[in-house]
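Peer 1: For the protein sequence lines, the chains are A and B, in the order given. When you read off a place in the first sequence, starting at 1, and then add 12, the result is the number in my numbering. When you read off a place in the second sequence, starting at 1, and then add 46, the result is the number in my numbering.
If you're looking for bench data, these hints aren't it; they were derived computationally from the structure. Treat each hint with caution, since some may be false.
Some, not all, of what chain A presents toward chain B, calculated at C-beta under 10 angstroms [as the list claims (entries may be wrong)]:
(1) 16
(2) 17
(3) 36
(4) 43
(5) 46
(6) 50
(7) 64
(8) 81
(9) 87
(10) 97
Ranges between beta-carbon positions, derived for each pair [to be verified]:
(11) A:70 with B:442: 51 to 61 angstroms
(12) B:115 with A:38: 21 to 31 angstroms
(13) B:56 with A:103: 13 to 23 angstroms
Cβ atoms here follow ideal geometry from the backbone N, Cα and C, with glycine treated the same way.
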Amino acid sequence: MIIASTLTTNLAILVLAGFVGFVVISKVPNTLHTPLMSGTNAIHGIVLLGGLLLLGLGQLDALSKALLVIAVAFGTINVVGGFLVTDRMLEMFKSKPKSPPKVDSEDEQEGKS
Amino acid sequence: MIHTPLASSFLQSEDFIYVLYIVAFALFIQGLRGLSGPTTAVRGNRIAAVGMAIAVIATLLGPSEGNWGLIALGIALGTAVGIPAARNVKMTAMPQMVALFNGVGGGAVALISWVEFRHYGSTYGSHSVHLIGETGTLTITAGGPPTYVAIFSVFAAIVGSISFWGSNIAFGKLQEAIPGRPISFGSAQQAVNLVLLILALAAGIDLVAGAHSELLFIGMLVVAALLGNAVVLPIGGADMPVVISMLNAFTGLSAAATGMALNNPALIVAGMIVGASGTILTNLMAHAMNRSIPAIVAGGFGGGGAVEGASGAGEHAGTVRSTTAADAAIQLAYASRVVVVPGYGMAVAQAQHAVRELATELEKRGVDVKYAIHPVAGRMPGHMNVLLAEADVPYDQLKEMDDINPEFQRTDVSLVIGANDVTNPAAHNTPSSPIYGMPILEVDDSRSIIVIKRSMNPGFAGIENELYFDPKTSMLFGDAKSAVSEITAELGQL
């Protein structure tokens, strides 16, 4: 029996994840490319975990702590902001009843512009 | 991974945490699968968010020496910034938002790598030396972390720093805080980029080999930062879709590298998927502009192209027909099929709601209205779709280039709003044009064309648009929003 090292196991995960990523993302239509980008913004916010893991180490000097707090804050901005803004955008794409144009569209426009 | 000899409860067992990570990345993938269609996308995004929550909880379950206060502080700060930003950002500002978020992610990666170096850097390059007492921190091997940890950590630092600074510059350009035109060292640009890249790599190799100098590490971050600036500053506004996608890929890959260094499967998978996504989008965008990625990164929309375009301009001068809102309204009212071709000009003028009102007015008169979306219209992938979705345009009226091109021949009026290069027939007809071969919306096939444009100034690329000199074309000069509103008003009086 071959017992793989941590490195090779992780490399296998890395390569497989790359292929899965290509397959899954290829199916996203052009229409949704902006939400895809903000959604992936949210997902790469997962670097937050790195900050959490290192903060848990203890034996950190003040500079390391400060850097990690910033890193955790950055990651959280990505996660929270990314998922929220993607949700906001995708709600706009939701299927709408054909025609009967909104009567209040004029007011809405003025409100937003 | 953090190993706990003292793991006392099941919840804190390493296997349980690992399983949670697997659940998390499975949810990411399932969530992204939802993005294959607008009806499933909202749920997909929420599934991915649940995955993220699980990943964070799993990490917090792990062994920790505390610092709970600092963790809470970081999360609170991020939430305090992230929520209002996501709530208040205008859809027209999405490219800036995404650029900023890319940068923030890259910055986090670079900072984490820096702390890894501060913590473990003294053992880089000395894996074979057995130091007792490191157990319970990064690895179970009784030595420094293996060399590959240092390699991935340093890689993440370089790419993260490039992404942070590159994204900030992209943000500045999109926000128009710094000029959108290319800023470069001219012909020396490529040499400068190459030197910076070599310097960053050399510093990285030195660090992995065991140069225990924090100063060198900071120097490496600075050189990578300069490289990020040097790569993005020379890139013009029209190339932004490529740049944003590329920086997205960079941030993803750097996150995956951090995952390799920290032995965290959720980070590896999430980072790789984002890397794949950014890479796919970069390729799509570059293809849609008929430009190679190296050519774009090497700087600016080729100076040669602008010159050629300018010299070609003389041939056409004087054959442009301009029209009025009243005439345009009549033309549209008596059409049976109208295709709207939006471009960056629509975004700048925030004209999407006005466009929707015009379309509604036309539909009331029985006109069939569709929207033709070029992949690189706007400043980021899918930019036009989001704006039109915001204005309540049903997404089934938004047609991709390949679907709409055969329909132009049956189209009575194509209404081009603030789009330029993506409609230029020179891409088909003029082999000397810098955009020759670029896939375009074949607007010139339609029976008549109305172009709404501020002035005859050529677009950013400096290429004259042959479409404007087509006898079927009439130009309506003015701001996109007011011009469209005027047409709608005129329609009401017909």
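Peer 1: Going through the earlier hints one by one, which of them does the structure break, listed in rising order?
Peer 2: Structure breaks hints 1, 12, 13.
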